[in-house]
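Chemist: Here is what each chain is made of, one letter per residue.
2 protein chains.
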Amino acid sequence: MPSKTACAAIGIDLGGTNLRGAVVESGKLLGEPVYVETPDRPEKIVDALVKLIEDLLVEAQAAGMKRDSICGVGIATAGVVKCDTGEVIGSTGNLPGWAGTKIREVIEDRVGLCVHVENDANAAAYGEARIDELKDLHCIVVVTLGTGIGGGIVIDGKLLHGRGWAAGEIGHMSIALDDSRLCTCGLYNCWEAYGSGRGLLTTAREFIAGQKDNYLQSSLSKEEELTTYMLFQEAKAGDRLACSIVRRWHEHLTIGIVNLTHILNPDCFVITGGLSQACDLELLKRLTVEKALHNIGETVEIRASRLETNAGLIGAAQSVIDEVRVGVPARS
Amino acid sequence: MPSKTACAAIGIDLGGTNLRGAVVESGKLLGEPVYVETPDRPEKIVDALVKLIEDLLVEAQAAGMKRDSICGVGIATAGVVKCDTGEVIGSTGNLPGWAGTKIREVIEDRVGLCVHVENDANAAAYGEARIDELKDLHCIVVVTLGTGIGGGIVIDGKLLHGRGWAAGEIGHMSIALDDSRLCTCGLYNCWEAYGSGRGLLTTAREFIAGQKDNYLQSSLSKEEELTTYMLFQEAKAGDRLACSIVRRWHEHLTIGIVNLTHILNPDCFVITGGLSQACDLELLKRLTVEKALHNIGETVEIRASRLETNAGLIGAAQSVIDEVRVGVPARS
Numbered sequence: 002m003p004s005k006t007a008c009a010a011i012g013i014d015l016g017g018t019n020l021r022g023a024v025v026e027s028g029k030l031l032g033e034p035v036y037v038e039t040p041d042r043p044e045k046i047v048d049a050l051v052k053l054i055e056d057l058l059v060e061a062q063a064a065g066m067k068r069d070s071i072c073g074v075g076i077a078t079a080g081v082v083k084c085d086t087g088e089v090i091g092s093t094g095n096l097p098g099w100a101g102t103k104i105r106e107v108i109e110d111r112v113g114l115c116v117h118v119e120n121d122a123n124a125a126a127y128g129e130a131r132i133d134e135l136k137d138l139h140c141i142v143v144v145t146l147g148t149g150i151g152g153g154i155v156i157d158g159k160l161l162h163g164r165g166w167a168a169g170e171i172g173h174m175s176i177a178l179d180d181s182r183l184c185t186c187g188l189y190n191c192w193e194a195y196g197s198g199r200g201l202l203t204t205a206r207e208f209i210a211g212q213k214d215n216y217l218q219s220s221l222s223k224e225e226e227l228t229t230y231m232l233f234q235e236a237k238a239g240d241r242l243a244c245s246i247v248r249r250w251h252e253h254l255t256i257g258i259v260n261l262t263h264i265l266n267p268d269c270f271v272i273t274g275g276l277s278q279a280c281d282l283e284l285l286k287r288l289t290v291e292k293a294l295h296n297i298g299e300t301v302e303i304r305a306s307r308l309e310t311n312a313g314l315i316g317a318a319q320s321v322i323d324e325v326r327v328g329v330p331a332r333s
Numbered sequence: 002m003p004s005k006t007a008c009a010a011i012g013i014d015l016g017g018t019n020l021r022g023a024v025v026e027s028g029k030l031l032g033e034p035v036y037v038e039t040p041d042r043p044e045k046i047v048d049a050l051v052k053l054i055e056d057l058l059v060e061a062q063a064a065g066m067k068r069d070s071i072c073g074v075g076i077a078t079a080g081v082v083k084c085d086t087g088e089v090i091g092s093t094g095n096l097p098g099w100a101g102t103k104i105r106e107v108i109e110d111r112v113g114l115c116v117h118v119e120n121d122a123n124a125a126a127y128g129e130a131r132i133d134e135l136k137d138l139h140c141i142v143v144v145t146l147g148t149g150i151g152g153g154i155v156i157d158g159k160l161l162h163g164r165g166w167a168a169g170e171i172g173h174m175s176i177a178l179d180d181s182r183l184c185t186c187g188l189y190n191c192w193e194a195y196g197s198g199r200g201l202l203t204t205a206r207e208f209i210a211g212q213k214d215n216y217l218q219s220s221l222s223k224e225e226e227l228t229t230y231m232l233f234q235e236a237k238a239g240d241r242l243a244c245s246i247v248r249r250w251h252e253h254l255t256i257g258i259v260n261l262t263h264i265l266n267p268d269c270f271v272i273t274g275g276l277s278q279a280c281d282l283e284l285l286k287r288l289t290v291e292k293a294l295h296n297i298g299e300t301v302e303i304r305a306s307r308l309e310t311n312a313g314l315i316g317a318a319q320s321v322i323d324e325v326r327v328g329v330p331a332r333s
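Chains A and B, in that order, are what the protein sequence lines are. Going left to right, the first sequence walks through residues 2 to 333 as this note's numbering numbers them. Going left to right, the second sequence walks through residues 2 to 333 as this note's numbering numbers them.
Bear in mind the hints are in silico, worked out from the structure with no lab data behind them. Be aware that one or more of the hints could be misleading.
Unchecked claim - Using 30 Å as the maximum straight-line C-alpha spacing, the simulated BS3-like pairs for lysine-lysine come out as follows:
| id | chain 1 | residue 1 | chain 2 | residue 2 |
| --- | --- | --- | --- | --- |
| 1 | B | Lys136 | A | Lys83 |
| 2 | A | Lys136 | B | Lys159 |
| 3 | B | Lys83 | B | Lys136 |
| 4 | B | Lys67 | B | Lys136 |
| 5 | B | Lys159 | A | Lys159 |
Said to hold, decoys possible - Pair ranges (Cβ atoms, derived):
| id | chain 1 | residue 1 | chain 2 | residue 2 | range |
| --- | --- | --- | --- | --- | --- |
| 6 | B | Asp41 | A | Gly239 | 41 to 47 Å |
| 7 | B | Ile90 | A | Gly16 | 44 to 50 Å |
| 8 | A | Glu55 | B | Asp179 | 55 to 61 Å |
| 9 | B | Gly275 | A | Glu207 | 39 to 45 Å |
| 10 | B | Glu291 | A | Ala63 | 54 to 60 Å |
Idealized CB from N, CA, C, for every residue including glycine.
Model the full structure from these sequences, guided by the hints.
Modeler: Next comes the structure, spelled out in structure tokens:
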């Protein structure tokens with residue numbers, strides 16, 4: 002068994018396209034992450050995970066790390082994860098058939114290391130919240146802006162999992178009453194249907210449809226297929242229509258941030274994910290102060306991600322390190 | 002100093018109309034609560050609090066309780082409360098001039114007992130969450146339905162206070178985009194502007210204004226000044242218009258419950274406050290299952306208050322008992 006003072010672990014981010022793994026020590030990656038294509042069937046994914054772990058152990062030893070300084074493996078995966086058993090219990094988007102796999106059990110049996118499995122948005126949140134500057138804060142909300150909106154809530158250093166392991170589904174809070182936007186989850190009015198990349202494109206199409214002559218003056222009129230990248234580029238270049246659309250996107254994002262502020266009054270938000278770079282955090286903060294109760298918006302900090310694409314991988318590794326440190330009982 | 006095993010405390014609920022106090026032991030009131038009219042000036046309120054505490058101590062001794070079995074005084078008050086110093090820092094509605102009063106300091110100096118001051122909605126939440134059936138749950142959200150909507154979140158037995166002591170302002174999450182309803186807080190689209198008693202009346206007026214001939218068939222057409230009581234009575238008696246209005250109110254309530262479910266995935270909601278009796282919890286649960294993500298709404302429990310109007314008083318007393326028990330350092 003690894004010692005309780007071991008402070009390195011293997012972190013793996015299991016996405017629909019790639020498995021991405023690295024050895025994580027003191028919150029940092031030991032070398033570049035290793036990528037493997039995600040196989041199409043659950044049993045093949047398990048084999049690929051085992052091989053990736055074994056390769057990373059060899060790499061760590063080659064770098065001079067002792068085997069027993071690696072205390073376990075943290076795996077971040079899509080889907081609702083029952084962390085106490087390490088089983089995926091809810092829908093997993095682009096990993097068909099993955100729900101029901103007892104990941105912790107099968108991997109522990111095959112590699113002989115402690116395994117912790119975590120939902121990917123939660124793992125990213127844990128990674129971000131555990132960095133030195135933030136780790137002593139009381140409440141941190143991590144918002145992942147991408148095609149959808151994900152999130153994780155860390156209170157007193159612990160992830161909030163919730164009764165059904167589903168806490169942090171912040172993208173599916175309802176922010177409208179008119180049922181005009183259907184979310185991919187099947188519900189109407191979700192924050193995600195407005196604030197995600199997909200939501201931004203819907204807003205853009207509504208704006209463009211509402212334009213008459215003005216539209217012809219916009220660069221957007223020249224483009225056939227709209228992308229978020231194009232919108233941000235045009236807004237940056239000063240296109241008025243694109244600027245209005247991007248401004249409205251920030252207003253939509255503000256609603257969720259303000260709601261979370263009123264409910265949790267967190268110390269800090271961390272904005273991460275593929276669209277986070279395009280998000281103007283100063284504007285978001287100004288709008289939050291404007292739309293929140295007096296004296297409440299002012300106290301909230303909105304920060305950019307520190308770990309970016311490695312947050313999930315680092316967070317998953319950190320969660321198994323912390324689990325071993327506090328001596329969570331082994332699976333019976 | 003009281004012993005750490007003392008398990009009784011004085012609880013006081015400081016409202017705009019009355020101060021209401023009682024000795025609380027093992028979560029129950031020792032005798033009927035004592036009512037005193039709330040004076041109009043802060044220094045007079047302090048005098049009235051001190052007198053009420055002294056009267057309750059005498060009453061407790063007359064009932065055979067030893068002085069040192071009372072470990073302190075818990076005070077629930079309107080306003081944002083900085084609990085570590087026991088100071089009211091935010092607006093206090095109908096207690097003008099009360100903000101800025103160092104309640105804990107002045108009362109401790111005058112009565113020689115530990116004092117804990119808590120926001121009234123939070124105190125009520127703490128009271129409800131600490132009852133035997135719920136005290137071991139991970140996350141409980143208490144929703145207070147009255148003229149407004151208040152709330153308190155208890156995680157692992159502790160109130161979530163937030164960075165600026167303002168967590169639990171659940172009534173001010175935004176649930177609409179159209180800016181058609183202004184909340185008393187000055188913001189638009191708040192859940193409270195739809196789900197509170199005031200919100201219900203606004204919905205009713207919108208429904209009535211939208212009626213033509215149907216309206217004349219409704220009992221509501223005969224009434225001059227609409228009240229929530231009247232609406233619930235007419236709905237109970239089968240008036241179709243009143244039934245539609247009350248149904249819509251439940252739909253509005255559901256939105257906030259679902260949002261909190263997606264964010265926190267709590268073990269349980271407790272519905273309390275003046276309008277909670279009128280709320281059909283079975284309907285609320287059914288609508289929550291319908292409007293929440295698959296498998297998430299199903300796991301949430303929605304319960305009626307156990308402590309009703311005494312929740313704030315009991316919760317405040319319980320908070321000082323728990324504070325003394327765990328040995329929170331005394332004010333320096």
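Chemist: Now look at each hint and say whether the structure bears it out.
Modeler: Evaluated hints:
no. : hint                            : verdict
1   : B/Lys136 x A/Lys83              : holds, 23 Å
2   : A/Lys136 x B/Lys159             : holds, 20 Å
3   : B/Lys83 x B/Lys136              : holds, 24 Å
4   : B/Lys67 x B/Lys136              : holds, 27 Å
5   : B/Lys159 x A/Lys159             : holds, 14 Å
6   : B/Asp41 x A/Gly239: 41 to 47 Å  : violated, 58 Å
7   : B/Ile90 x A/Gly16: 44 to 50 Å   : holds, 45 Å
8   : A/Glu55 x B/Asp179: 55 to 61 Å  : holds, 57 Å
9   : B/Gly275 x A/Glu207: 39 to 45 Å : holds, 41 Å
10  : B/Glu291 x A/Ala63: 54 to 60 Å  : holds, 56 Å
Of the numbered hints listed earlier, the single one contradicted by the structure is hint 6.
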